[in-house]
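J.: Sequence:
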Amino acid sequence: MAVETAIYSLKGLQERLAEHRKCFDSLVELIPAKYYLARDDEALTGKYMHNKKNKAPKQVVKEATKKAKKAKLDPENVKSVLDIQTQTLTTSESAQVESGEPASADDVDHMEGLAPLPTGSIVELQEKLKSRIQELRTKRKAPTGTVDGEAPKSRQEILEKRAKRKRERKEGIKQKKDKRRKLEDTKGMAIDGPSKVDTKANGGSKAIKEDVTFGKIDFGTAEVAKKRKGPTDLTGQLKQAEAKKQKLEKLKQVDKEKAETIEEAAVWNKLLKQAEGEKVKDDLKLLKKTVKRKEKVKEKSAATWSNRQAQVKKEQEERQKKREENLKARQEVKNAPKGSKGKKDKGKKPRPGFEGGARKKGGKP
Numbered sequence: 004m005a006v007e008t009a010i011y012s013l014k015g016l017q018e019r020l021a022e023h024r025k026c027f028d029s030l031v032e033l034i035p036a037k038y039y040l041a042r043d044d045e046a047l048t049g050k051y052m053h054n055k056k057n058k059a060p061k062q063v064v065k066e067a068t069k070k071a072k073k074a075k076l077d078p079e080n081v082k083s084v085l086d087i088q089t090q091t092l093t094t095s096e097s098a099q100v101e102s103g104e105p106a107s108a109d110d111v112d113h114m115e116g117l118a119p120l121p122t123g124s125i126v127e128l129q130e131k132l133k134s135r136i137q138e139l140r141t142k143r144k145a146p147t148g149t150v151d152g153e154a155p156k157s158r159q160e161i162l163e164k165r166a167k168r169k170r171e172r173k174e175g176i177k178q179k180k181d182k183r184r185k186l187e188d189t190k191g192m193a194i195d196g197p198s199k200v201d202t203k204a205n206g207g208s209k210a211i212k213e214d215v216t217f218g219k220i221d222f223g224t225a226e227v228a229k230k231r232k233g234p235t236d237l238t239g240q241l242k243q244a245e246a247k248k249q250k251l252e253k254l255k256q257v258d259k260e261k262a263e264t265i266e267e268a269a270v271w272n273k274l275l276k277q278a279e280g281e282k283v284k285d286d287l288k289l290l291k292k293t294v295k296r297k298e299k300v301k302e303k304s305a306a307t308w309s310n311r312q313a314q315v316k317k318e319q320e321e322r323q324k325k326r327e328e329n330l331k332a333r334q335e336v337k338n339a340p341k342g343s344k345g346k347k348d349k350g351k352k353p354r355p356g357f358e359g360g361a362r363k364k365g366g367k368p
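Per our numbering, residue 4 is the first one in the sequence shown, and the count goes up by one each step.
What the hints contain is simulated information worked out from the structure, not anything from laboratory work.
Among the hints, erroneous ones may be present.
[To be verified] Under the rule of at most 27 Å between Cα atoms (straight-line distance), these lysine-lysine pairs were calculated in the DSSO-like manner:
{"no.": "1", "residue 1": "Lys75", "residue 2": "Lys65"}
{"no.": "2", "residue 1": "Lys284", "residue 2": "Lys303"}
{"no.": "3", "residue 1": "Lys185", "residue 2": "Lys247"}
{"no.": "4", "residue 1": "Lys179", "residue 2": "Lys261"}
[What the hints assert, rightly or not] FRET-style restraints, in silico, Cβ to Cβ:
{"no.": "5", "residue 1": "Lys292", "residue 2": "Glu318", "range": "36 to 42 Å"}
{"no.": "6", "residue 1": "Ala71", "residue 2": "Ile136", "range": "55 to 61 Å"}
{"no.": "7", "residue 1": "Glu163", "residue 2": "Val270", "range": "39 to 45 Å"}
{"no.": "8", "residue 1": "Ala21", "residue 2": "Thr94", "range": "20 to 26 Å"}
{"no.": "9", "residue 1": "Ala246", "residue 2": "Lys292", "range": "17 to 23 Å"}
{"no.": "10", "residue 1": "Gln88", "residue 2": "Gln159", "range": "56 to 62 Å"}
{"no.": "11", "residue 1": "Lys169", "residue 2": "Lys292", "range": "49 to 55 Å"}
What you are looking at is a predicted structure, and each value in this text was computed from that prediction instead of being measured.
Heads up, the beta-carbon is just placed ideally off N, CA and C, and yes, glycines get one too.
Turn these sequences into a full structure, and let the hints steer you where they fit.
T.: Structure representation (structure tokens):
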């Protein structure tokens, strides 16, 4: 049963609308007309754009400017927004009457009485909103959030699913680390000769399991420099690779399955090291080739060094011989009797210039 109140009844609607209109009109009158009403395109063009075709003579522009200033200061010409709108409406109506055109559809709508809007059911509007939201979610392929295809209903469900995904991700990382650690541990297993190799019935597999050691878990706090195991020089690496190959060959003759297991573990260990950026040098052909090249370079360097040493020794001997000759000549001059002159070197030519030359008598000083 609909209950009519004094607020929403149609009685006194015209009076209420008149009051509202009066209130809005008083607010509009407070706004200057130049800020409220839109300006013509021609006025904007004349102010901001320099159109040479529409330019008027300077005298006409000056007179128009003076008139505009005077009109601006005249209190009778100051019109409010409502006055301008009323004047515009009157002008348009008079033009329509003179031309004989019928009133526009908007004017007819204004003249007709106000009809109440059709009231719709809130439930229908909610259903429309839900269907629209679902359509948009389907279009952008939004995640449903659950296995059954239903969206999460609360914030708690969202947090629980997020924590579950986090746990699954951590478990996956842990499993990868465990697998990697086991592969690294198989690297340290010793390959013994045929005297120490037994069959599976004698507990060979048990001995392998006992040798497994578990390393420390890396939490990523600080990186400690790892010491490289084994020789670092190429010759030592070559010898180690040859020894490993020989041990594997011996083990294949006794227990082929065990040898294949160790060989597979070594391959995985090599791949992991290469993935970390470490260079694995276990190829016998490349190691032999590199060692041979290094030996050739060393031999060439040794030959160059020996030639250099021989040259230096020869130069030292020559300098020593020359020094001894100079000392001997100086001693001979010192031990010679007084008044005698030393032997002159006739083969040596005098240097150009005037040093040591005898001056002629009567010559210029």
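J.: So, for every hint listed, does it hold in this structure?
T.: Hints versus structure:
1. At most 27 Å may separate the alpha-carbon atoms for a hinted pair to count; lysine 75 and lysine 65 meet this at roughly 15 Å.
2. Distance check on the hinted pair: lysine 284 and lysine 303 sit about 25 Å apart at the alpha-carbon level, within 27 Å; holds.
3. A distance of roughly 20 Å separates the Cα atoms of lysine 185 and lysine 247; the hinted pair therefore holds under the 27 Å criterion.
4. A hinted pair counts as satisfied when its Cα atoms are at most 27 Å apart, and lysine 179 with lysine 261 qualifies at roughly 24 Å.
5. Range check, lysine 292 to glutamate 318: about 40 Å between beta-carbon atoms, so the 36 to 42 Å window is met.
6. Alanine 71 and isoleucine 136 have their C-beta atoms about 57 Å apart, which keeps the hinted 55 to 61 Å range intact.
7. Judged by the Cβ atoms, the range 39 to 45 Å given for glutamate 163 and valine 270 holds: they are separated by roughly 43 Å.
8. For alanine 21 paired with threonine 94, a C-beta distance near 25 Å keeps the hint of 20 to 26 Å intact.
9. Distance hint check: the CB atoms of alanine 246 and lysine 292 are about 19 Å apart, consistent with the given range 17 to 23 Å.
10. For the pair glutamine 88 and glutamine 159, the beta carbons lie near 58 Å from each other, so the given range of 56 to 62 Å is met.
11. At about 51 Å, the beta-carbon gap between lysine 169 and lysine 292 stays in the expected band of 49 to 55 Å.
The structure shown violates none of the earlier numbered hints.
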